[in-house]
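Novice: Start from the sequences, fold in the hints, and give me the full structure.
Single-letter residue listing:
2 protein chains.
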Amino acid sequence: MKNIAILGFGVVGCGVAEVIAMNKDRIAKRVGEEVRVKKILDIHEFPDSPFADLITTNKDEVFGDSEISIVVETIGGARIAYEYTKQALSSGKTVVTSNKELVSTHGVELMQIAKANNCSYIFEASVGGGIPIIRPLHRCLAANKVERIAGIVNGTTNYILTQMAECGSDFEKALKEAQSKGYAEANPSADVDGIDAQRKIAILSTIALDGAYVDPTKLFTVGITNITTKDMEYAKEMNASIKLLAVFENKEDGAFAYVAPHLVSKSHPLACANDVFNAIMVTGNALGDAMFYGQGAGKLATASAVVGDVMDAALHQDKDAHITEWFVSDKPVLSPIENHVVSVLLRLPDSVSDEAISEAFPEISCQPCVYEAEGEKAVILGKDGDMTEAQLAIGLENFDNVISMIRIF
Amino acid sequence: MKNIAILGFGVVGCGVAEVIAMNKDRIAKRVGEEVRVKKILDIHEFPDSPFADLITTNKDEVFGDSEISIVVETIGGARIAYEYTKQALSSGKTVVTSNKELVSTHGVELMQIAKANNCSYIFEASVGGGIPIIRPLHRCLAANKVERIAGIVNGTTNYILTQMAECGSDFEKALKEAQSKGYAEANPSADVDGIDAQRKIAILSTIALDGAYVDPTKLFTVGITNITTKDMEYAKEMNASIKLLAVFENKEDGAFAYVAPHLVSKSHPLACANDVFNAIMVTGNALGDAMFYGQGAGKLATASAVVGDVMDAALHQDKDAHITEWFVSDKPVLSPIENHVVSVLLRLPDSVSDEAISEAFPEISCQPCVYEAEGEKAVILGKDGDMTEAQLAIGLENFDNVISMIRIF
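Going down the list, the protein sequences come from chains A and B.
For what it's worth, the numbering used here labels the leading residue of the first sequence as 595, then goes sequentially.
For what it's worth, the numbering used here labels the leading residue of the second sequence as 595, then goes sequentially.
Certain hints may be false.
One copy or two, it doesn't matter: identical chains are merged, so the pair holds either way.
Unchecked claim - Subject to a maximum C-alpha distance of 25 Å in a straight line, what follows is the list of computed DSS-like cross-link-like pairs (lysine-lysine):
#1 K709 to K623
#2 K623 to K971
#3 K775 to K680
#4 K977 to K845
#5 K860 to K830
#6 K845 to K767
#7 K618 to K739
#8 K845 to K618
#9 K709 to K824
#10 K893 to K860
#11 K623 to K845
#12 K893 to K775
The hints are simulated quantities; they were obtained by calculation from the structure and are not laboratory data.
Specialist: Next up, the structure:
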């Protein structure tokens, strides 16, 4: 019997209990013994829940119980979840989580505590919800140098952008729609400002860099709050979709990681991910492109990945159930974003002359966009790979009347 | 030092040697020791190859060398590859392969020999080339009951169908194009008749059924040789693509596995896989839909998966590097395909009356297709889930002038 505890009986925690109950026999058969939820820790009791008898508000019933060998942390955030995770790992209990904020902030330390106590800190569900991405990236692509990761990793913003594209809603209306459906929080900032995506690409980048820690708070990040219906019109005319992409690149000119809205051609597989779906394209130097698509969030989908990790931990007794240990490199792991080559759609009033643009962006390729809204001048800059973020920023300083600027994937 | 041998210096075998050379340091760092190709066995010598000094025509130099612990089988087919695989496994050497014919035909026996000799038979690359699918299906989705797998798993036929759709070529012309580009063999039967896809879905089905062996030769299989430019016209008008789908389903009404061309809505993520790309959609009862997309074939892509397996075998010393052992069930694992619920586009001459159709398909939903070519009557049968393959077959017997019949996904 493998006894586990769930910390936090929210959506995902409840989903974990449900998946374990729903697929009990299958899980037992695969693991070779029953996997039982022995305790659920929460600050509330849930008297009407089918799991009510497992729920406790007393943490000693979890941390003091030597029978519990695996702890699922589904509290979220980096405060109490951090304290509890440290406590569990320090007492040799493996921790499985979907908590991208905690992993991306304290992952190095937590993996060190796990190692020192002969257990593991495992987090497949922290990126892409139920979609297998971390284990495939780490194991199946092990023979590759990962050259790029480009992902739609936040379902809230993908839902909003899909609504805007397909229903003509403006951002505010689409956000309200998302909130009414439970796809966005009352305070949606972590999603719409790109913070959630930032944490996820920091996790994936660290794995792609073989454990060299990437600090999410240092990543260039732009959210979707400035996307307008007119931007959507341009996207449609350009046969593209606007997607919030979280990107990691590792080539000769350096390693970069960032989050920003991009125009993605409708013929690109990433563009097939709409609504709350996620899609992560990985490019390996042997494999080429591979894409992982599915439900990036949601109770049972995320629980699917958490329970998959629990089973792995139970089966492998914490050996090789986790990824290459993270470490803080003494050298910078990422190159300054200013050096990153970029291409953009730039929308200006049509009073701006061609000469003004070419003076602001000297020796940078500049083509007219296939579409221009009335009263506007729209150009594609840097299509030939001849513009860096630094040059873009410097060039933009020449204009105080930029209508919109969107990066092109 | 982990010493490996490669059997068969064809495209994939050569790719494996190249990937190991290209990413030597990364591989050594991850595995904890160098992984070296010690010998390459082939019936030819390749004096001009950079690997010439490793190549031997003498199999004793592989099978008699106790230093060689892992053997990569990239000969293909189920004759000499079968003999060599048995020999390697019997002497305790783990075998890693991309050989879908051998795995799907003799997988049960080979896994038993591996187990008896404390080594493994591993085959991530046998389905989907470089795309991670077997390991994610087996491990990351372990908490799920797999309800459906639907895959575009053959790059040759996908290339042909894409050419037909995008360039208006007929089947013969598109096939010649594929052959000229090296995407199809001189004898393309295994691909265009669906045999390759049949083997791959048999492998995936066996894994989804927790090792209960699915015999590929028993699966209902239709290839693409009867697809015409007119069918492509219908697909376009219906906003769909024609794809050769390999499908596994496991629901209340039974488990089914089959291969056939299907009309797939262009809004479905599977439709984003064109040319030689593969895409496999998996539906789990907790996860929902997840899709894996990428290069299903090709030298380096396939080698990427093979070398990933080699690294896994090296790291885990053959423990848990493989999947749940296959076995032959004493009960039928699949339900008869006749019971499978199906929906089709049926094209008939317009001389056929509505009454004739409803008499042939009594109590089966029948709607006119949104498009009808001149001189034709086109209907969608079974859209309401009220028709089985048996009823379809019986109904079709009433007509000797069916122009075309394509299943709808």
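Novice: Taking 25 Å as the upper bound on the Cα-Cα distance, should K845 and K618 be classified as within, between, both, or neither?
Specialist: between (45 Å within a copy, 18 Å between copies)
Novice: State whether the alpha carbon distance between K623 and K845 is at most 25 Å within one copy, between copies, both, or neither.
Specialist: between (44 Å within a copy, 19 Å between copies)
Novice: Taking 25 Å as the upper bound on the Cα-Cα distance, should K893 and K860 be classified as within, between, both, or neither?
Specialist: Classified as neither; 29 Å inside a copy, 28 Å across copies.
Novice: I want to check one pair: K775 and K680. Are their C-alpha atoms no more than 25 Å apart within a copy, between two copies, both, or neither?
Specialist: neither (35 Å within a copy, 57 Å between copies)
Novice: As a check of your reading, is K709 near K623 (CA-CA no more than 25 Å) within one copy, between copies, both or neither?
Specialist: Between copies, since 19 Å is at most 25 Å while 29 Å is not.
Novice: How would you classify K893 and K775 at a CA-CA limit of 25 Å: within, between, both, or neither?
Specialist: Classified as within: same-chain Cα gap 14 Å, cross-chain 46 Å, threshold 25 Å.
Novice: Given a CA cutoff of 25 Å, do K709 and K824 count as a within-copy pair, a between-copy pair, both, or neither?
Specialist: neither (52 Å within a copy, 62 Å between copies)
Novice: Which holds for K845 with K767 at a C-alpha limit of 25 Å: within a copy, between copies, both or neither?
Specialist: Cα proximity of K845 and K767: none, with 40 Å in one copy and 39 Å across.
Novice: Up to 25 Å between alpha-carbons, please classify K623 paired with K971: within, between, both or neither.
Specialist: neither (64 Å within a copy, 52 Å between copies)
Novice: Tell me, please, which holds for K860 and K830 at an alpha-carbon limit of 25 Å: within, between, both or neither?
Specialist: both (9 Å within a copy, 17 Å between copies)
Novice: Between the shortest in-copy and the shortest cross-copy C-alpha distance, which are at most 25 Å for K977 and K845: within, between, both, or neither?
Specialist: within (18 Å within a copy, 49 Å between copies)
Novice: One pair to classify: K618 and K739, alpha carbons no more than 25 Å apart. Within, between, both, or neither?
Specialist: between (38 Å within a copy, 11 Å between copies)
Against the hints set out earlier in the document, violations occur for numbers 2, 3, 6, 9 and 10.
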